[in-house]
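Join these two chains into a complex; the hints should help.
As they're listed, the protein sequences go chains A and B.
Using the working numbering, you'd call the opening residue of the first sequence number 1 and step up by one each time.
Using the working numbering, you'd call the opening residue of the second sequence number 1 and step up by one each time.
Simulated from the structure, these hints should not be mistaken for laboratory data.
Treat the hints with care, as some may be off.
Said to hold, decoys possible - Pulled a few chain B residues facing chain A out of the computed Cβ check, cut under 7 angstroms:
1) L30
2) I33
3) L34
4) L35
5) V39
6) M46
7) G49
8) R51
9) A64
10) I92
11) M93
12) A99
13) A102
14) M111
15) T114
16) D115
Unchecked claim - Residues from chain A that keep clear of chain B, each with C-beta distances beyond 10 angstroms, as calculated:
17) A22
18) L41
19) G62
20) T148
21) S152
22) E157
23) L179
24) A207
25) S319
26) K433
The beta carbon of each residue, even a glycine, is placed where N, CA and C say it ideally should be.
If you want the building blocks of each chain, they are given just below.
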Amino acid sequence: MDNHLFLPILMPLIGAALAVVAGQRRMLARTIVLLATLANLGYGTWLLWLVDAEGRQATQSGDWAAPFGITLVADGLSALMLIVAALLMLTTLIYSFATLDGDQERFFYYPLLLALLAGVSGAFITGDLFNLYVWFEVMLVASFGLLTLGGSRGQLEGGLKYVVLNLIGSTSFLIGAGLIYGVAGTLNMAHLGERLTTIQEPSLVTAIAGLFLFAFGAKAAIFPLFFWLPTSYHTPPVAVTAIFSGLMTKVGVYSLYRVFGLIFPNELARFAPLILTLAGLTMVIGVIGAVAQTDIRRILSFHIVSQIGYAIMGLGLASVAGLAAGILFIAHVMIVKTALFFIGGAAERIYGTAELKKMGGLAKREPLLATFWLIGILSLAGIPPLSGFFGKLALLQAGVAQQAWLITGVAAGVSILTLFSMLKIWNEVFWKKAYTDVSQLPRVPAGLMIPGAVLALASVALGLGAAPLADYSALAAGQAFDVSGYVVDVCGVAGCDAAATTVRQENTQ
Amino acid sequence: MTLILSLVVGTLFAGAVYLMLRRSVVKLILGLILLSHGVNLLIFLMGDGLRRGEPAFVDSVTGAVSANAADPLIQALILTAIVISFGLITFIMSLAYRANQAVQSDDLDDMTLTDKL
Chain A
1 MDNHLFLPIL MPLIGAALAV VAGQRRMLAR TIVLLATLAN LGYGTWLLWL
51 VDAEGRQATQ SGDWAAPFGI TLVADGLSAL MLIVAALLML TTLIYSFATL
101 DGDQERFFYY PLLLALLAGV SGAFITGDLF NLYVWFEVML VASFGLLTLG
151 GSRGQLEGGL KYVVLNLIGS TSFLIGAGLI YGVAGTLNMA HLGERLTTIQ
201 EPSLVTAIAG LFLFAFGAKA AIFPLFFWLP TSYHTPPVAV TAIFSGLMTK
251 VGVYSLYRVF GLIFPNELAR FAPLILTLAG LTMVIGVIGA VAQTDIRRIL
301 SFHIVSQIGY AIMGLGLASV AGLAAGILFI AHVMIVKTAL FFIGGAAERI
351 YGTAELKKMG GLAKREPLLA TFWLIGILSL AGIPPLSGFF GKLALLQAGV
401 AQQAWLITGV AAGVSILTLF SMLKIWNEVF WKKAYTDVSQ LPRVPAGLMI
451 PGAVLALASV ALGLGAAPLA DYSALAAGQA FDVSGYVVDV CGVAGCDAAA
501 TTVRQENTQ
Chain B
1 MTLILSLVVG TLFAGAVYLM LRRSVVKLIL GLILLSHGVN LLIFLMGDGL
51 RRGEPAFVDS VTGAVSANAA DPLIQALILT AIVISFGLIT FIMSLAYRAN
101 QAVQSDDLDD MTLTDKL
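So here's chain B without its partners, still in its complex pose (with noise of 0.2 angstroms):
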C-alpha cells in the first residue's frame, strides 16, 4: 500500500510540474490542483504505518487507546491542507478569470505588462 501511494504522489508531483511548466493559466491551475492533491498524500503517507479499521477511539472505561490505532493527527493535518488549498484554488481561479478578461489571452508571455519598464 505505501508503494502504491509512493508512485502516486510521485506521479501527481510529476504531472503538477509538468502542467504548471506550460503557458496556459488553465493548466497551471490544474497544476496547482494536482500539486495540493500529491501534497495531502504524501502527508497521508508520514503518519506511523498504514492501518485500517481501527480508529483512534480512547477506551470509555480504561481511557487507554489501542496501539494499532490509526494516527488521527495526520487526518487532522489533511484535512486543514485540503480546507486551505480548497479556498486557495477558488481564489486564483477567480483571479484567473479576471485576468483573462483584463489581457484578453490565456497565455502567461502575455501578461508581461508589469514587467515592462
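For reference, chain A alone in the conformation it holds in the complex (with noise of 0.2 angstroms):
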C-alpha cells in the first residue's frame, strides 16, 4: 500500500479549504496557498524518484481490492504531470501575488487555483476511468470560476462560449463511459484494459474510442474542436491566462495518452492515421490563425493549439517511440508556452495596452526582459539547445522512422511559421523603435520578471539535460503502452478477473 499518492490531491485540497478561511487576511492566505503548492512540487519531485527508481505504484481507496475500488495509479508520465503541474502553479502563484488587486483575491481566487490543482493531479494519478470523469469536472468548475472572477462583457461572453463547449466535451465523456461499462462491466482502467483485449464487440469499442477522441479533443482544443480557446483564453487576468495555457488543454492529452495507450491500444492503430490528419490541420490552422492576430495574448493563444498538434502527433505515431517523443514535447510545451505568457503580460502591463500597434522599444528599456523572451520563442520554436529543440526533434525522428513523411514535413514547416509569428511579437514589442518616449514607461517590478524568468531558465535546463528526460520520457511511454505490467501492478499477477474472484469468494465465505 502506498497510501503517500492521497497527498497530491489531499495537500491542495486543505489548503484551498484553509485559505477560504483565511479569507480577508491576505497574507495568510498567500502562505497557505504557497506552501500547499510547494508542498505539491515536493511531492511530485520525490515521486519521479521513486516510479523512476521502482516502478509504477498503486494503492486501493478505502482498502477496497482492486478492480472494485477506486485505484489510485502514479506511472512516469503521471509523475512528470504532476510536477510540472506543481511548477506552473507555483510560478502563477508568485505571478499572482505582484499583479492581482484586491478584488479579485477577495472572491476566492487562491482557492479556485488550489482547486485547479486538485482537480488536474488527480487526473494524472487516477486508475479509474468514472473517476477521471469527476477530476474533470473539479478542474472545469475551478477554472469557471476564475476565467469569469472580475465579470468584465469579455469574460463573460468568453465565458460562456467555454463552459458550454467544455459542458458538451464533458457529456461526451461521460457518454463514453457509461457505454464502455455496458460493454467491458468495469471502469477501473486495468480491468478495462485487461478485458477489452478480448472483447467480442471491437466495432462498437471503435465507436466508444472515437466518443472519448471527440470528448478529449474538445478538452485539448485540437482541429476542429478549438475555437472555444482562442475566444476565451484572452479575457481572464494574465496569470490565469498563463496557468490555463498551461494546465487544462495539456489535462485533454494526457488523458488521450492515457486512454489510446492503456484501454484502446487495438483502436489507436486503427485511428492513428485519423489522428495524424487531425495533428497535421491543428498545427497548421494554429500557426495560421495567429497571423491575423495583433495582440500578444491571441497570438499565444493561437499558438496553443498550434502546439497541441505536435503533442497529438506523437500519439498518432502510435509507437513506443512516438509518445515518449510527445511526452518529451509536452514538458517543455507546458513550461515554455506559460513563461511566454508571463512575459508578455508584463510587456502588456508595463504599456498598459496588449495592441502590437502601441508597443516598441522594450529591448533598451528592458534588456534582461527581453532576453528571457527571446529564450521562449527560441525554445518556442525549437532552437538548439533548447529544450524545444529536443521535443521537436524526438518526433522528428519517429515520424521519419516511421516514415510518416507528411505529419514529418507539416511539422518541420510550422516550426518555421512559429518562428516567424513569434518574432513578428519580438520586432513589434522588444526591437521596433518606440513611437512614446520609453524612459517614461514604468520599470517592470521583480514580481512579474522571476516567473517567466525560472521557466525561461527551466527551458533551458531541460534542453541542456535533454539526455536523461529522454531516456525518462522514453521509460514513461513505455509504462503507458505496457497493459499487462499496468494490471500486474494493479490487480497482481493473476489479473483483474481473477482478483475479482477472489474477493466474491473471499466474501461469501
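What follows is the structure, encoded as C-alpha cells:
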C-alpha cells in the first residue's frame, strides 16, 4: 500500500479550505497557498524519483480491493505531469501576488487555483475512468470560476462559450464511460485494459474510442474543436491565462495518451491515420490563425492550438518512440508556453495595452525581460540547445523512422512559421523603434519578471539535460503502453478478473 | 422496458441537439439540461439488465448477493452525474444571467466581442 498517492490531491484541497477560512487576511491566505503548492512540488519530485527507481506505484482507496475500489496509479507519465503542474502553479502564484488587485483576491481566487491544482493532480493520478471524469469536473468548475472572476463583458461572453463547449465535451466523455461500462462491465482502467483485449464486439469499442477522441479532443483544443480557446483565453487576468495555457489543454492530451495507450491500444492503430491528420491540421490552422492577430495574448492563444498538434502527433505515430517524443514535447511546451504568457503579460502591463502597434523599444528599456522572451520564443520554435529543439527532434525522428513523411514535413514547416510569428511579437514589442518615450514607462517589478525567468531558465535546463529526460520519457511511454504490467501492478499477477473472483469468494465464505 | 428507455434517450438527445443549435442562450441551457438527462438514462441502460424489486444488499448470514439483484454501480454513477450536472447548470444559469445583463441580448450572435480583431 502506498497511501502517499493521496497527498497530491489532499494537500491542495486542504490548502484551498484553509485559504477560504483565512479569507480577508491576504498574507495568511498567500502563505497557505504557497506552502500547499510547494508541498505538491516537493512530493512530485520525490514521486518522480520513486517511479524512476521502483516503477509504477498503485494504491486502493478505502482498501477496497481492485478492481472494485477506486485505484490511484502513478507511473512515469503521471509523475512528470504532476511535477510540471506544481511548478507552473507555483510560478502562477508568484505572478498573481504581484499583479492581482484586492477585488479578485477577495473572491476566492487562491482557493480556486488550488482546487484547479487538486483536479489536475487527481486526473493525472487516478486509475479509474469514472473517477477521471469527476476530476475533470473538479478542474473545470474551478476553471469556470477563475475565467469569469472579475465579470467584465469579454470574460462573460468568452466564459459562456468556454463553459458550454467544455460541458458538451464532458458529456460525451460521460456517454463514453457509460457505454464502456455496458460493454466491459467495469470502469477500472486496468480491468478495462485486460477485458477489452478479448472483447466480443470490436466495432462498438471503436465507436466508444471515437467518442473519447471527441471528448478529450475538445478539451485539448485539437482541430476542428479548438474554437472556444482563442475566443476565451485572452479575457481573464494574465496569470489565469498563463496557468490555463499550461494545464487545461494538456490534461486533455494526457487523457488521450492514457486512454489510447492503456484502454484502446488496438483502436489506436485503427485511429492513427485520423489522429495524424487532425494533428497536422491543428498545427497548420493554429499557426495560420495567429498570423491575423495583433494582440500578444491572442497570438499566443492560437499558438497553444498549434503546439497541441505536435503533442497529438506523438500519439498518432502509435509507437513507444512516438509517445516518448510526445511526452518530452508536452513537458517542454507546458513550461515554455506559460513563460511566454508571463513575459508577454509583463510587457502588456508596462505599456497598458496588448496591441502590438502601440508598443515598441522594450529591448533597450528592459534588456533582461527581452532576453527571457527571446529564450522562450527560440525554445518554442525549436532552436538548439533549448528544450523545444529536443522535443521536436524526437518527434521528427519518430516520424521519419515510421516513414510518416507528410506529418513530419508539416511539423518541420510549422516550426518555421512559429518562429516567424514569434519574431513578429519580438520586432513589434522589443526591437521596433518606440513611438512614445520609453524612458517614461514604468519599470517591470521583480514579481512579474521572476515567474517568466524561472520557467525560461527551466527550458534551458531541460535542453541541457535532454539526455536523461529523453531516457525518462522513453520509460514513461513504455509504461503507458504496457497494459499487462499495469494490470499486474494494480490487480496482482493473476489479473483483474481473477482478483475479482477471489474477492467474491472471500466475501461469501 | 429497454426499448422504451432507448427511445426516450434518443428523443432527449435529439431535442437537446435541436435546442443547442438555436441562437437563444436560454434554449441553449435547456438543451444542456435535456442532454444531461439523456446521458443519465443512457448510463441507467448500461447496467447488467433492468430489474426491479430486488436491491443489491448482501445477505447478513451468508454474505452473498442475490443473483437477480439490480446493478448498484450504475445508480452510484448516475447519482454522481446528477450532482455534477446540477451544479454546472446552476453555474451556467447565473453566468448566462450576468452575460445577458452585460450584452443586453439573449442572442448568441450578439456575443462576438471577444472574436473581433
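Item to complete: Check each numbered hint from earlier against the structure, then list the numbers of those it violates in ascending order.
Response: 1, 2, 3, 7, 8, 11, 20, 21, 22, 23
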